[in-house]
Every structure is written in structure tokens, then in C-alpha cells.
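Residue numbers (numbering that gives the first Met the number 0), protein chains in the order written: chain P, 0 to 268; chain F, 0 to 471.
Possibly wrong hints are sitting among the right ones.
Claimed, not checked - Below, computed lysine-lysine pairings styled on BS3-like, alpha-carbon distance capped at 25 angstroms:
(1) F:Lys61 to P:Lys202
(2) F:Lys407 to P:Lys202
(3) P:Lys204 to P:Lys107
(4) F:Lys241 to F:Lys306
(5) P:Lys18 to F:Lys274
(6) F:Lys233 to F:Lys128
(7) F:Lys187 to P:Lys203
(8) P:Lys69 to F:Lys33
(9) F:Lys230 to F:Lys139
(10) P:Lys50 to P:Lys204
(11) F:Lys187 to F:Lys214
(12) P:Lys203 to F:Lys230
(13) F:Lys61 to F:Lys459
(14) P:Lys204 to P:Lys108
(15) P:Lys69 to F:Lys220
(16) P:Lys48 to F:Lys274
(17) F:Lys220 to P:Lys18
(18) F:Lys241 to F:Lys214
(19) F:Lys306 to P:Lys204
(20) F:Lys220 to P:Lys50
(21) F:Lys344 to F:Lys243
(22) F:Lys33 to F:Lys158
(23) P:Lys108 to P:Lys50
(24) F:Lys33 to F:Lys435
(25) P:Lys72 to F:Lys306
(26) F:Lys139 to P:Lys18
(27) P:Lys18 to F:Lys459
(28) F:Lys220 to F:Lys306
(29) F:Lys220 to F:Lys233
(30) P:Lys69 to F:Lys306
(31) F:Lys233 to P:Lys72
(32) P:Lys69 to P:Lys56
(33) P:Lys241 to F:Lys119
These are computed hints drawn from the structure, not numbers from a lab.
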Amino acid sequence: MNMNICVCIKQVPDTNRIKIDPVTNTLVRKGVPSIINPFDTYAVEMAAKLKEEYGGKVVVISMGPPQASKALKVCLSVGADEAYLISDRAFGGSDTLATGYILAGAIKKIEELEDLKFDLIFCGKQAIDGDTAQVGPQIAEQLGLAQATYALDVSCTNDHTIVKREVDGGYDTVLVQTPAVVTVVHTDQMPRYATYSTRSEAKKKQVHVLSSAELSELDLAQCGLSGSPTRVVNTYTPSVQKLGIMIEGSSTTELVDKLVGILDDKRLL
Amino acid sequence: MESYNTLNQEIIDELRAVSDHVLVGSAINPDYAKDEMPIYGTHMPDLVVQAHSTQEVSDVMKVCYKHSIPVTARGAGTGLAGGAVPIFGGVILDISPMNHLLGYDLENFVVNVEAGVLLKDLQDDCITKGLMYPPDPGMKYACLGGNVATNAGGMRAVKYGTTRDYVRAMTVVLANGEITHFGATVSKTSSGYSLLNLMIGSEGTLGIITELTLKIIPAPKATASIIVPFKDLKTALSAVPKFKMAHLDPQAIEFMETDIVDMTERFIGRSVFPKQCNGEDIHSYLLITLDGSSDEDLDEQIDQFSKVCFDNQAMEVFIAETPSQISNAWAARSAFYEAITDEIKMLDECDVVIPVNKIAEFIPFVNEIGAELGLDITCYGHAGDGNIHIYQCSNTMSPEEFEERNNKFFDVIYAKAVEYGGEVSGEHGIGNAKMKYLEESIGKTNVDLMEGIKRVFDPKMILNPGKVCHRL
């Protein structure tokens with residue numbers, strides 16, 4: 000049983016290194032390196048593991064500017080077989096709806112080009128720059144496929160996929176009809192390291208680029224900024240509230256009295 | 000032997016008159032009695048001043064000098080040789096509240112900080128500005144003042160040198176309370192004795208460092224960390240000198256064995272290092288960071304580096320390229336010490352430094368002596384600069400038995416290190432823990448010179464008495 004898997008990845012700014020301009024409320028991106036969205040690295044690892052177990056092909060795709068091909072090359076060194084960059088000025092400024100539409104169109108095109116059908120489409124559960132967690136489910140809707148979100152683990156039968164999903168306080172296990180879209184959280188399986196040889200092989204491979212010309216079936220009115228219904232009305236930095244009050248005093252009775260006084264003032268008693 | 004006065008109410012009142020941050024009695028946190036190695040002795044101070052300014056330090060020193068009260072400077076208390084432990088009681092001058100980053104001078108590539116700024120805070124702040132403060136000791140929550148006072152080394156010393164190489168100038172409060180400045184924001188100097196360099200590594204015995212001007216550099220454009228597994232430690236260590244011989248200049252070259260890696264992964268709760276390679280068990284690793292001026296430069300270095308590794312019997316070359324892989328690998332390395340203390344009841348450590356080309360024969364010797372004495376030995380450290388951290392551990396011996404065997408171990412190991420041309424401490428310092436071995440390795444004449452220097456700086460010998468060269 001072969002499992003062909005498409006993994007959607009995104010190159011994002013390293014949000015651990017990013018600050019918010021207190022005046023304009025926008026991200027200060029200067030000098031901040033781009034990284035592969037961390038959840039996506041777990042999705043790539045999950046795909047690579049399934050390929051080892053069942054055979055098949057792992058194709059990694061990303062929509063973004065030409066420099067995103069660097070992220071795709073890294074994926075080629077840790078288990079992906081082919082890489083496609085979906086890049087066109089017409090796609091710039093897409094919101095999640097337009098992105099889901101474009102990626103779904105690209106996935107169909109790649110199935111044609113690679114002469115295969117994907118059994119699974121993986122995404123990270125969300126990108127750390129937007130945190131919407133919408134693109135995976137939107138791809139599933141666009142393609143008319145089943146979807147399972149927040150996956151910790153995936154195993155496969157002939158026509159079904161068993162997904163262990165992270166939920167509050169534990170996990171649940173669901174059975175979905177294959178093909179399906181699965182979004183992946185941080186799992187116990189650390190993304191593997193590239194080795195010297197896998198990295199050298201990856202360097203020799205080409206990242207295929209698909210523009211609007213190759214994806215001619217897409218309706219450009221549904222792509223890019225003009226095809227995106229989302230409007231950002233306002234962004235702001237949540238105010239930081241200082242927590243914790245230190246109560247000082249010389250005796251336990253005094254401390255307790257002060258505490259009771261504070262609670263009483265706040266009408267908590 | 001000097002005689003010191005004990006604090007009485009009158010002196011306490013004098014100190015309260017110059018400082019609003021005086022703690023006495025039960026207000027003193029018991030942590031002030033120790034650093035990270037209580038095995039070298041603990042002692043509560045009689046009074047703690049949580050200093051907020053150079054002037055406050057100066058005023059406190061004037062009172063202590065007048066009354067001959069011992070004073071021990073303390074930062075975050077993360078030392079490993081007893082340096083911040085007030086073995087004579089007296090006053091602890093805690094400079095950790097002096098934690099302000101005072102500003103960058105980017106035309107001269109320096110940063111001004113108060114001595115209580117944490118290493119991690121400076122490193123993180125530099126990174127957001129595309130800069131790097133290269134010294135990188137394992138304990139990121141140490142104060143920079145303490146780093147300077149012990150000439151802390153760390154992982155990146157291989158390429159960038161130790162803390163000493165990054166101190167341009169400092170503000171110091173002398174034993175009598177006088178405030179002075181050593182060094183300048185210049186790249187070179189030939190202006191008499193370097194008082195600045197005397198202060199670096201002086202462990203609070205010559206003066207109290209309150210502010211620092213530190214050199215910074217532009218951050219490298221690209222970095223990668225590489226994990227190189229080997230079948231045994233000797234093969235791993237034998238590869239180390241070959242990198243420089245091949246004109247490679249890694250930022251860091253750390254060595255470790257599977258036992259410490261397993262212990263650390265249990266401690267941090269996740270698996271970071273590969274355990275097998277092509278079906279074979281891994282026994283030792285080198286963890287390396289390469290940096291380059293561009294992605295292409297780094298790529299070329301990785302290729303060359305991998306070739307040297309394979310030529311020297313590396314089982315594989317694993318490349319950590321994503322920030323999370325890099326930070327996980329180094330966070331695990333930084334957690335080694337905490338992981339050991341989490342599982343071991345009795346331990347002592349040896350921070351010896353020897354010539355790089357001797358490590359491969361030294362470590363097996365260390366393990367052999369440990370086995371003879373029934374001590375569990377864990378070694379890791381900076382293969383690239385010859386600084387090894389050896390941990391003598393036991394969960395079964397009585398404290399007396401451990402001490403006896405441990406002392407025998409130290410005698411043999413330090414003697415061997417000296418025979419190889421090494422020194423007692425690479426980066427942790429002497430404190431009160433390693434004084435005997437310092438004198439054995441550098442000789443009485445040299446320790447006398449050190450003590451003479453101390454006496455000039457500190458005629459009443461009140462600064463951190465009983466440490467480094469001040470024999471009791």
C-alpha cells in the first residue's frame with residue numbers, strides 16, 4: 000500500500016525574534032530571519048514516517064515569494080521527494096480563503112504533473128505569523144475531502160486514515176475516509192535532522208515553480224488581495240497586566256489581615 | 000591571618016544610613032549562604048545589601064572598610080567554586096538589582112551594562128539588533144559581573160575567545176569605597192599595567208565591579224549546528240584537532256557521551272539527539288556550530304567539515320538547520336549540569352583545561368582513575384578549547400567515603416593535567432574550592448605574587464576573604 004502525501008508548508012518570520020512597533024502596531028520584521036512554520040516541520044516529519052512505513056511519495060508545496068524555495072529545499076533534505084513553489088504576483092496579499100483556493104488548485108495540478116493521487120494532504124495546524132488555523136480546513140472544503148485537525152499521530156488502512164487528535168485534557172481517535180486533509184500539531188516525533196548525504200541530494204533537486212500561467216484553471220478574481228474578502232480593520236498590542244501582589248508584614252496575623260483587606264476591597268469575599 | 004570585626008547594631012545602623020536595601024536576620028534568604036556547589040561549604044552572611052547603584056556600593060564599602068567587615072560580592076549565585084559564598088560571614092553585596100542595560104555605542108561596537116544584567120538578557124537583546132555578544136557560558140542566567148569576575152568561557156570560546164576578550168572598560172568600587180574606572184573604549188592600549196585585566200577573573204577579591212563596557216560584534220549572517228556521532232569517545236576527540244588543521248573555524252565544538260545525553264533527555268522530557276545510525280548504536284557525539292558570512296559560505300563550510308568528519312570515522316553528519324532544532328540541541332547541552340544534579344546525590348566537579356591535542360588520551364585516563372576509586376564519572380565539555388567538565392558522582396557512598404575518594408581523584412587528575420601543560424580551572428574559577436590545586440599547579444611563587452597584588456588593592460583583606468590566593 001503506497002501513501003502519496005502532499006505537505007503544505009509556509010515560510011514565516013521567526014516570531015520568537017519579532018517585536019511589535021508600539022506606535023504603528025505592526026510587526027518589526029527588520030533583520031528577522033525566515034523559518035519554516037514550526038508546526039509544518041512536524042507535518043513533514045509525519046509524512047516522512049508514513050512514507051517509510053507504507054511507501055509512496057512525499058511532495059511538499061508552499062505558496063510564497065521566490066525566497067520560500069529555501070524552505071522547500073530544507074524539506075527535501077528531511078524526507079520530501081519533490082517540491083513545488085506556488086509563486087505569482089497575482090497571488091500576493093491573499094487571505095486564508097484565497098490561499099486555500101489557490102493551494103487546492105495547485106494540488107490538483109500537481110497530481111496531474113506527478114501522475115498520482117494524493118492519499119493525504121498535511122498542513123501544520125496553523126502558521127505562527129497569522130495563527131488562524133483556517134487554511135488546512137479550507138483546502139479540504141475546496142477539494143471536497145474529509146478533514147481531521149490537530150493530529151498527533153496518523154496510521155492508515157486501505158481506504159481509511161486513523162487520526163489521533165489532540166483535544167483539551169487528552170486525545171480522541173477518529174476514522175476518516177481517505178483521501179483526507181490532516182492538520183498536525185507538535186507531536187512527540189521530533190523532526191529529523193538532515194544528514195550530509197540527504198542535504199547534498201536535496202541541493203541537486205529542483206524546486207518546481209508554478210505561476211498563474213501553469214495554474215490556468217484558477218479564477219484570478221478569487222486570488223490575491225482583490226480576491227480576498229478579509230479586511231484588517233485594526234491591529235493592536237494587548238496591554239500587559241501586571242499580576243501578583245506581594246504582601247509584606249512582620250507577622251502571620253498581619254499578613255492575613257492585609258490579604259483579607261485586599262480581597263474585601265475587590266469584593267471577593 | 001587577618002582579624003575581622005563582627006557586625007554590631009551600630010555598624011548595621013551605619014549601613015542602613017547609606018542604603019535602603021539592607022537585610023538582616025530572618026529577612027536573609029538562605030540561598031545567600033551558597034552557590035551552585037554547596038559541597039565546598041556554606042555560610043550565611045550577617046547582612047545583605049541588595050545594591051542598586053555604584054554610589055550605594057561605594058557607601059557600603061566605606062562603612063565596611065572602616066570597621067574591617069568582610070564583604071563578598073554576589074551576582075546570581077550560579078558559581079561552581081564557592082566564589083560567592085561568604086565563608087567569613089559579614090556582608091554580601093548583591094549586585095543583581097543593578098540590571099539595567101545602559102545603552103549601545105554602535106560606532107564603537109560596545110554596550111554599557113550594569114554588572115547585574117543577566118547574560119541571557121544581553122545576548123537576547125543583541126540578537127534583536129543583529130549583534131552578538133560572543134561569550135556563551137552554559138548558565139545563561141548568570142550576571143555579567145560574575146562572568147567577568149570568573150573570566151567565564153563557554154561554548155563559543157573556540158572561535159571568539161572568553162569573557163576577557165570582550166571587556167573594554169569597567170567601573171570598580173575599591174575596598175575603601177573609592178570609585179574608579181579601568182580600561183577605555185579603545186581597541187588597543189599600551190598604557191601601563193592592565194588593571195582591567197587584573198580585575199577579570201579576580202572573583203571579587205580585588206574590587207567590586209559595578210558597570211561594564213563590553214565589546215560586541217555583528218551577528219554572523221548564517222549559522223548551522225551539526226551533530227556528529229562516533230562509535231567511541233576517543234575517535235570523536237581525535238577528530239577535533241583536524242578541523243583547525245583543515246582551516247575550519249567552528250564557533251563551538253562540544254563533546255559528550257550517550258550517558259549524559261540520556262540523563263539530560265530524561266530531565267528535559269524529550270529526545271533531541273539521534274541514538275542510532277544505520278542500525279548501529281552511537282556512543283559519543285561532537286556538537287558543533289559553524290557560522291558564515293552568507294548561506295553560500297556556510298554551505299561550503301558544511302561540505303568541507305563533513306568531509307573531515309567522514310575522513311575521521313564519523314558515523315554520520317546530522318545537520319540542524321531549523322531554529323528549533325538548533326535551539327533544542329544547545330538547550331539540551333546547556334541543561335547537562337542541571338540534569339546531573341537532578342539524579343545524583345553526591346557530586347563534585349573538575350573544570351580542568353589542557354591542550355586540545357591531549358584530550359583524547361586524558362579522558363580515558365580520567366575514566367580509569369574514577370573506576371579504580373569507585374566513582375561514577377561523567378565527562379563533557381569544550382573539546383575545541385581543551386576545557387573539560389568532569390563530574391565525580393555517587394548515589395551510594397557515605398559523604399565521608401565520597402570525600403576521601405574524591406580528594407584522591409582530584410590529586411591524581413590535576414597532577415596529570417599539569418603534566419600535560421594544563422591548568423586547574425578553564426572557566427569556573429578557583430573560589431575556595433580549588434585553592435590547594437592552584438598552588439600545586441602554578442607554584443608558591445606565583446600564588447605569593449597574586450596575594451601581594453591583592454594586598455595592594457585590599458590592604459585589610461576584607462574583599463571575599465579566603466578565596467583564590469588568600470591563604471588562611
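Quick rundown of the hints versus the structure:
1. F:Lys61 to P:Lys202: 66 angstroms, violated
2. F:Lys407 to P:Lys202: 54 angstroms, violated
3. P:Lys204 to P:Lys107: 22 angstroms, holds
4. F:Lys241 to F:Lys306: 11 angstroms, holds
5. P:Lys18 to F:Lys274: Cα-Cα ~37 angstroms, so violated.
6. F:Lys233 to F:Lys128: 41 angstroms, violated
7. F:Lys187 to P:Lys203: 47 angstroms, violated
8. P:Lys69 to F:Lys33: 50 angstroms, violated
9. F:Lys230 to F:Lys139: The given pair, whose Cα atoms are some 31 angstroms apart, is violated under the 25 angstroms limit.
10. P:Lys50 to P:Lys204: 19 angstroms, holds
11. F:Lys187 to F:Lys214: 12 angstroms, holds
12. P:Lys203 to F:Lys230: Violated, at about 30 angstroms.
13. F:Lys61 to F:Lys459: Holds, at roughly 12 angstroms.
14. P:Lys204 to P:Lys108: 20 angstroms, holds
15. P:Lys69 to F:Lys220: 15 angstroms, holds
16. P:Lys48 to F:Lys274: 17 angstroms, holds
17. F:Lys220 to P:Lys18: 20 angstroms, holds
18. F:Lys241 to F:Lys214: 30 angstroms, violated
19. F:Lys306 to P:Lys204: 21 angstroms, holds
20. F:Lys220 to P:Lys50: 35 angstroms, violated
21. F:Lys344 to F:Lys243: Roughly 39 angstroms between the alpha carbons, so the hint for lysine 344 (chain F) and lysine 243 (chain F) is violated.
22. F:Lys33 to F:Lys158: 33 angstroms, violated
23. P:Lys108 to P:Lys50: 22 angstroms, holds
24. F:Lys33 to F:Lys435: 20 angstroms, holds
25. P:Lys72 to F:Lys306: 21 angstroms, holds
26. F:Lys139 to P:Lys18: With a Cα-Cα distance of about 22 angstroms, the restraint between lysine 139 (chain F) and lysine 18 (chain P) holds, given a limit of 25 angstroms.
27. P:Lys18 to F:Lys459: Outside the cut-off at roughly 50 angstroms; violated.
28. F:Lys220 to F:Lys306: 23 angstroms, holds
29. F:Lys220 to F:Lys233: 33 angstroms, violated
30. P:Lys69 to F:Lys306: 23 angstroms, holds
31. F:Lys233 to P:Lys72: 35 angstroms, violated
32. P:Lys69 to P:Lys56: Satisfied, since the Cα-Cα distance of roughly 20 angstroms is no more than 25 angstroms.
33. P:Lys241 to F:Lys119: Distance of about 22 angstroms is within 25 angstroms: holds.
Comparing the model with each earlier hint shows violations of hints 1, 2, 5, 6, 7, 8, 9, 12, 18, 20, 21, 22, 27, 29, 31; every other hint is respected.
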